[in-house]
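Numbering (my numbering), first residue to last: 1 to 379.
Derived from the structure by calculation, the hints contain no laboratory data.
Model, not experiment: these values are computed from the prediction.
The beta carbon of each residue, even a glycine, is placed where N, CA and C say it ideally should be.
One should not assume that every hint holds.
Below, computed lysine-lysine pairings styled on DSBU-like, alpha-carbon distance capped at 30 Å [what the hints assert, rightly or not]:
| hint | residue 1 | residue 2 |
| --- | --- | --- |
| 1 | K168 | K157 |
| 2 | K161 | K228 |
| 3 | K197 | K161 |
| 4 | K339 | K49 |
| 5 | K148 | K227 |
| 6 | K242 | K227 |
Pairwise CB distance ranges (calculated) [as the list claims (entries may be wrong)]:
| hint | residue 1 | residue 2 | range |
| --- | --- | --- | --- |
| 7 | D306 | E278 | 15 to 23 Å |
| 8 | T333 | E195 | 25 to 33 Å |
| 9 | G28 | D320 | 32 to 40 Å |
| 10 | D320 | G365 | 18 to 26 Å |
| 11 | E121 | S253 | 18 to 26 Å |
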Amino acid sequence: MSEKSNTSEVNELELPPKLKKEAEAFAGNVKNKKQSEDFLSLVNSTYNKAKVEPGEGVGVIAAQSLGEPGTQMMMRTKHYAGTAMDVTRGLPRLIEIFDARRTPKTPMMEIYLDKSNNTIEKAESMAHRLKETRIKNIMTEMSTDFAKYSVTATLDKEELKKRNITPKKLENQLVEIYGNRVSVEGGNKVVVKTEKKIASLLQKLKEDLRETHLSGIGGISYVVVQKKDRDFVLYTSGTNLKDTLIVPGVDASRTKSNDILETEKVFGIEAARNMLVEETILTLDDAGLSVDNRHITLVSDTMCADGRVKAVGRHGISGDKASVLARASFEETVKHLLKAAAYNEDDPLNGVVENIIVGQVINLGTGVPELIMKKVDKK
């Protein structure tokens, strides 16, 4: 069978472009005509069998396929060896994802560097630059002088050098915050006076000074460097995509955060949708569970269908349904019924749940067709 005839056979098949291209390439290398025809027939039939039947209840199957493995998952965290970093995994992470939690329990970023910075030395240097430094992190001593109404913090010189904080940089940073009330002595001793000579202000000043930001990116409390294939990747405890992406040397095209709502805010809804899919697959794989990607993508698409990430629950998808009975069937039944009555809402009974409640045939499965015809393969 010639390559040309193989191609014409493939073009007659109703296949997606990528699958058609792969079938065409394989068929072109098969010399035996019968084997080539059998292969193309098998591809076609397998593809058609993989399609969802019209009227199939894909929603409830997706919910079951994701819900059942969740009952086997453990409540645990992943620990990065040799570091103080933990990442939530298992059932708690799955709940975080589908609840679209505003703040993950263990937010983190995976930061890639561009080619010119992809060395262990530059990666470690970048880690020190990104890690947030507050005075409390590098302070060796703090004292209060009630006579002069001032607070003194002595900083570790080695830590200052490691974080590339020079005496001049330190002074400039503190002057921006405290003005002429601050002075730096010996390059590492910070003295700040209260605005007024009131003793009660000293305690507040002491707390404020401890939390004063000196360098790094806010929210990143820890950074560890690990090699991944050919890249040196920075994993952070804490996340701040917006400020991280503009740091010179960071590869913004590959850097990502496990905070889905932050991803939506910085990159948009498509990126958030992809992150939902990726994080769900990662969480299930980590637990040794396998779920067809189509179930995961269906739930993710539903969560993002309105252009923003919505939780699967009464504060999201279930609470925003058009049907009164569908909303009432999930949670807060009395509240939804009373509100619907107060606002004179109608229920068109277009969905599944509401039709089951009133005892009508649902528009799903065998309730879809009035007449069905069985297709017979022509041989």
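Results of checking the hints against the structure:
no. : hint                    : verdict
1   : K168 - K157             : holds, 13 Å
2   : K161 - K228             : holds, 29 Å
3   : K197 - K161             : violated, 34 Å
4   : K339 - K49              : violated, 46 Å
5   : K148 - K227             : violated, 52 Å
6   : K242 - K227             : holds, 24 Å
7   : D306 - E278: 15 to 23 Å : holds, 21 Å
8   : T333 - E195: 25 to 33 Å : violated, 56 Å
9   : G28 - D320: 32 to 40 Å  : violated, 51 Å
10  : D320 - G365: 18 to 26 Å : holds, 25 Å
11  : E121 - S253: 18 to 26 Å : holds, 23 Å
The structure shown violates the earlier hints numbered 3, 4, 5, 8, 9.
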